[in-house]
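One letter stands for each residue in the lines below.
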Amino acid sequence: MNIVVCIKQVPDAESVKWDHKTGTLIRDGVKSVINPFDYHAIEAALTLKDVLGAKVTAITMGPPQAQEAIREAMSMGVDDGVVVSDRAFAGADTLATTYTLSKAIERLGDVDAVFCGKQAIDGDTAQVGPGLAVRLGFPCVTYAAGMDVLEGGKGLRIKRMSEQGYDMVEVEFPVVVTVLSLLNVPRVPSLKNKMRAKKAEIPMWSASDIGADPSRIGLAGSPTKVHSTYIPKFEAKREFLEGEPDKQVELLVERLKEAGLL
Amino acid sequence: MLKIDIEKCIGCGECEEVCSFGAITVEDEKAKVDPGLCTLCGTCVDTCPEGALEIEAEEKEAKDLSKWKGVWVVSETRADGFAPVTFELLGKARELGDRLSVDVTALLLGSGVKEMAQELIQRGADRVIVVDHPELSDFVDEAYSKIVAHLAEKERPEIIIAGATARGRAFVPQVATMLETGLTADCTGLEIEEDSRNLLQTRPAFGGNLMATIICDDRRPQMATVRPHVLKAMEPDKERDGEIIDFEPSPELLKHRVRVVESVVEEVEGPGLTEADIIVTAGRGLEQKENLHLVEDLAKCLDAGVGATRAITDAGWISSSHQIGQTGATVAPKLYIACGVSGAIQHLVGMQGSEIIVAINKDKDAPIFDVATYAIVADVKDILPALIKKVCKERGIDV
Ligand SMILES: Cc1cc2nc3c(=O)[nH]c(=O)nc-3n(C[C@H](O)[C@H](O)[C@H](O)COP(=O)(O)OP(=O)(O)OC[C@H]3O[C@@H](n4cnc5c(N)ncnc54)[C@H](O)[C@@H]3O)c2cc1C
Ligand SMILES: Nc1ncnc2c1ncn2[C@@H]1O[C@H](COP(=O)(O)O)[C@@H](O)[C@H]1O
Numbered sequence: 001m002n003i004v005v006c007i008k009q010v011p012d013a014e015s016v017k018w019d020h021k022t023g024t025l026i027r028d029g030v031k032s033v034i035n036p037f038d039y040h041a042i043e044a045a046l047t048l049k050d051v052l053g054a055k056v057t058a059i060t061m062g063p064p065q066a067q068e069a070i071r072e073a074m075s076m077g078v079d080d081g082v083v084v085s086d087r088a089f090a091g092a093d094t095l096a097t098t099y100t101l102s103k104a105i106e107r108l109g110d111v112d113a114v115f116c117g118k119q120a121i122d123g124d125t126a127q128v129g130p131g132l133a134v135r136l137g138f139p140c141v142t143y144a145a146g147m148d149v150l151e152g153g154k155g156l157r158i159k160r161m162s163e164q165g166y167d168m169v170e171v172e173f174p175v176v177v178t179v180l181s182l183l184n185v186p187r188v189p190s191l192k193n194k195m196r197a198k199k200a201e202i203p204m205w206s207a208s209d210i211g212a213d214p215s216r217i218g219l220a221g222s223p224t225k226v227h228s229t230y231i232p233k234f235e236a237k238r239e240f241l242e243g244e245p246d247k248q249v250e251l252l253v254e255r256l257k258e259a260g261l262l
Numbered sequence: 001m002l003k004i005d006i007e008k009c010i011g012c013g014e015c016e017e018v019c020s021f022g023a024i025t026v027e028d029e030k031a032k033v034d035p036g037l038c039t040l041c042g043t044c045v046d047t048c049p050e051g052a053l054e055i056e057a058e059e060k061e062a063k064d065l066s067k068w069k070g071v072w073v074v075s076e077t078r079a080d081g082f083a084p085v086t087f088e089l090l091g092k093a094r095e096l097g098d099r100l101s102v103d104v105t106a107l108l109l110g111s112g113v114k115e116m117a118q119e120l121i122q123r124g125a126d127r128v129i130v131v132d133h134p135e136l137s138d139f140v141d142e143a144y145s146k147i148v149a150h151l152a153e154k155e156r157p158e159i160i161i162a163g164a165t166a167r168g169r170a171f172v173p174q175v176a177t178m179l180e181t182g183l184t185a186d187c188t189g190l191e192i193e194e195d196s197r198n199l200l201q202t203r204p205a206f207g208g209n210l211m212a213t214i215i216c217d218d219r220r221p222q223m224a225t226v227r228p229h230v231l232k233a234m235e236p237d238k239e240r241d242g243e244i245i246d247f248e249p250s251p252e253l254l255k256h257r258v259r260v261v262e263s264v265v266e267e268v269e270g271p272g273l274t275e276a277d278i279i280v281t282a283g284r285g286l287e288q289k290e291n292l293h294l295v296e297d298l299a300k301c302l303d304a305g306v307g308a309t310r311a312i313t314d315a316g317w318i319s320s321s322h323q324i325g326q327t328g329a330t331v332a333p334k335l336y337i338a339c340g341v342s343g344a345i346q347h348l349v350g351m352q353g354s355e356i357i358v359a360i361n362k363d364k365d366a367p368i369f370d371v372a373t374y375a376i377v378a379d380v381k382d383i384l385p386a387l388i389k390k391v392c393k394e395r396g397i398d399v
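Protein chains in written order, with our numbering: chain D, 1 to 262; chain A, 1 to 399.
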């Protein structure tokens with residue numbers, strides 16, 4: 001059995017600071033980390049491996065430094081990893097990203113399950129998983145909050161969350177699953193895996209390595225474009241409601257009434 | 001690629017200053033771009049006083065986009081009627097349709113849903129395409145996607161919008177991929193650029209620190225999912241006329257591989273989080289689980305949803321489905337009341353879009369106060385009981 005887990009390197013929210021006066025990113029010390037949801041995707045893949053036995057490959061499209069993300073995944077127990085990296089991938093939106101990832105996954109050979117995070121915290125689109133499923137011709141189960149293996153190991157039973165509650169669904173392999181952080185607790189890297197990850201050669205695949213059509217990758221393959229950006233103004237109309245608690249409550253209720261909220 | 005004409009560049013640094021991504025640096029009086037960081041947003045191009053910057057796009061053959069006409073709304077049904085976002089989308093679609101002088105079409109998929117079609121017309125649709133089939137009684141996203149993609153290929157709408165709900169965000173990306181077109185997730189604003197008929201789709205990026213307007217200018221349809229709560233629904237107009245069209249899907253379109261074996265509606269007190277007008281959130285400042293009822297009681301009198309920080313979902317005080325923030329739900333209610341919440345960045349990114357933020361914290365330097373509209377420096381255990389009493393009195397509820 002072959003399992004793929006898609007991971008993305010994102011700026012660490014804690015190290016990203018914004019200067020709201022000038023509206024710019026303060027660039028000192030911005031660190032890259034694995035997208036938080038993707039740890040849960042890695043754990044899901046490893047759990048499945050523990051039950052059914054499988055080879056787990058982590059894949060990421062990004063700059064060469066994204067190797068670090070692969071090494072971290074390997075230190076958790078992922079067997080192998082690939083960085084799909086090429087200048088030509090720059091500016092990819094989700095349509096171009098799913099195309100690129102699907103070409104890379106096809107190069108890996110027969111794949112039975114692909115795990116993605118629910119969304120990447122830098123873009124928050126949550127589109128790559130479902131889009132990738134269409135590219136690969138696999139069914140997709142989104143928002144997994146629970147998962148176990150069907151009798152005979154032919155597929156998965158998944159708890160799929162929504163605003164209203166949840167669905168229990170069953171699906172046979174192959175499948176793409178996007179996972180919530182509710183699903184599991186990611187395991188801690190072991191010393192042995194850390195050593196292995198440190199030494200591993202991580203292959204780097206370019207656009208031509210995966211046989212990608214140049215018109216479908218990067219900026220050229222991305223129908224959506226950023227037209228303009230602006231920094232929302234956090235109005236400094238903050239008001240401290242002073243006084244004893246009763247007074248503070250009274251002031252607050254007044255404000256809420258003025259705003260038509262009570 | 002962002003190209004910088006070194007001859008023209010005077011090293012003034014304007015581009016470095018406006019770049020939100022830190023992709024440009026001026027070295028030796030010349031601007032330099034780091035393509036790894038550059039998102040090709042174009043802000044610097046507009047700012048450069050010397051016209052030294054340019055985004056080089058590959059020339060694409062001009063496609064005939066004029067064949068695509070009309071605005072479509074994908075409706076979403078639930079056990080008790082339509083998801084509120086459906087009417088909000090229709091209100092906006094009506095406005096877009098009028099500006100573009102085209103019809104608004106609503107898609108209604110499900111089982112036993114046909115009699116609901118009239119309601120979509122009352123809320124702004126000119127036409128409703130009904131796909132009523134027993135196979136569609138569960139949310140089978142694969143079939144939903146194929147049907148919507150099939151209809152779009154046949155009828156060629158220029159715009160398709162859907163709710164950024166769990167369902168919308170699951171199947172609409174599949175539709176966009178089948179149609180090989182652009183999709184903008186989780187928009188908070190939609191406008192039309194009239195001469196080009198491009199849809200200007202505004203959405204938050206970097207956890208709301210940056211707002212980006214996205215266009216899809218050389219493919220159709222233009223697709224977007226829109227956050228519940230941000231658009232205004234029209235009042236129902238019983239006089240409105242419209243056309244109801246039945247579509248019988250082929251067995252091929254109905255085929256799907258994910259079986260729903262059970263569908264559970266969970267008893268959530270008050271409205272679901274992402275759709276609530278008011279949210280009261282509990283943080284570790286409540287000190288112990290026994291005090292959680294203060295937040296729940298306040299939520300009850302306000303008819304609000306109950307939110308939680310990860311600190312208390314991790315502690316097991318309340319189920320993780322209440323968690324708000326980077327690894328929980330993103331919300332933007334009219335009123336957000338944070339009780340004993342420190343305001344860690346991972347929490348803020350999930351709620352800073354709220355209209356009015358009230359923060360109650362005993363530490364006057366807590367970061368939550370940086371985003372608060374009304375700041376109360378006090379012990380939550382003192383404030384909440386008094387607040388509950390007063391709110392209930394205002395609203396005529398017995399405590
Ligand atoms: C990858 C990652 C993802 C994360 N995702 C999320 C997420 O999605 N959502 C989330 O919420 N967090 C998330 N976190 C955790 C986040 O960093 C914070 O730890 C968490 O939000 C803190 O919760 P808190 O405000 O309840 O607790 P604390 O930070 O402990 O704050 C408690 C606050 O209560 C105040 N207080 C104490 N006693 C009282 C009292 N009697 N009256 C009034 N005020 C009082 C204190 O002054 C303090 O400010 C994430 C962290 C990581 C690393
Ligand atoms: N560049 C990428 N490389 C690998 N996986 C990705 C990439 N972008 C997104 N993903 C996967 O898709 C999920 C959803 O991302 P998004 O649709 O961008 O919010 C992430 O959690 C990852 O699992």
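Since the hints were derived computationally from the structure, they do not count as laboratory data. A virtual CB, placed ideally from N, CA and C, is assigned to each residue, including glycine. Do not take every clue at face value.
What the hints assert, rightly or not - Each pair of labels, with its calculated beta carbon distance range:
#	chain 1	residue 1	chain 2	residue 2	range
1	A	Cys12	D	Pro232	41 to 49 Å
2	D	Ser215	A	Ile244	34 to 42 Å
3	A	Val260	D	Asp110	44 to 52 Å
4	D	Glu172	A	Gly81	28 to 36 Å
5	D	Glu172	A	Glu266	25 to 33 Å
6	D	Lys55	A	Lys364	50 to 58 Å
7	A	Thr47	D	Gly153	52 to 60 Å
8	D	Lys199	A	Glu290	35 to 43 Å
9	D	Arg196	A	Val261	38 to 46 Å
10	A	Glu243	D	Pro203	50 to 58 Å
11	A	Ile244	D	Pro203	53 to 61 Å
12	A	Asp379	D	Lys199	50 to 58 Å
What the hints assert, rightly or not - Derived pair list, reagent style SDA-like, types lysine to any residue, alpha-carbon separation capped at 20 Å:
#	chain 1	residue 1	chain 2	residue 2
13	D	Lys31	A	Ser320
14	A	Lys362	A	Leu292
15	A	Lys154	A	Ile244
16	A	Lys334	D	Leu262
17	D	Lys159	A	Ile244
18	A	Lys362	D	Glu244
19	D	Lys31	A	Leu292
20	D	Lys154	A	Arg259
21	A	Lys3	D	Lys154
22	D	Lys257	A	Asp277
23	A	Lys300	D	Val253
Okay, the hints, checked on the actual structure:
no. : hint                            : verdict
1   : A:Cys12 x D:Pro232: 41 to 49 Å  : 27 Å, violated
2   : D:Ser215 x A:Ile244: 34 to 42 Å : 41 Å, holds
3   : A:Val260 x D:Asp110: 44 to 52 Å : 27 Å, violated
4   : D:Glu172 x A:Gly81: 28 to 36 Å  : 34 Å, holds
5   : D:Glu172 x A:Glu266: 25 to 33 Å : 27 Å, holds
6   : D:Lys55 x A:Lys364: 50 to 58 Å  : 54 Å, holds
7   : A:Thr47 x D:Gly153: 52 to 60 Å  : 58 Å, holds
8   : D:Lys199 x A:Glu290: 35 to 43 Å : 52 Å, violated
9   : D:Arg196 x A:Val261: 38 to 46 Å : 40 Å, holds
10  : A:Glu243 x D:Pro203: 50 to 58 Å : 56 Å, holds
11  : A:Ile244 x D:Pro203: 53 to 61 Å : 56 Å, holds
12  : A:Asp379 x D:Lys199: 50 to 58 Å : 54 Å, holds
13  : D:Lys31 x A:Ser320              : 27 Å, violated
14  : A:Lys362 x A:Leu292             : 17 Å, holds
15  : A:Lys154 x A:Ile244             : 17 Å, holds
16  : A:Lys334 x D:Leu262             : 12 Å, holds
17  : D:Lys159 x A:Ile244             : 35 Å, violated
18  : A:Lys362 x D:Glu244             : 13 Å, holds
19  : D:Lys31 x A:Leu292              : 36 Å, violated
20  : D:Lys154 x A:Arg259             : 14 Å, holds
21  : A:Lys3 x D:Lys154               : 52 Å, violated
22  : D:Lys257 x A:Asp277             : 15 Å, holds
23  : A:Lys300 x D:Val253             : 16 Å, holds
Taken one by one, the earlier hints fail for this structure at numbers 1, 3, 8, 13, 17, 19, 21, listed in ascending order.
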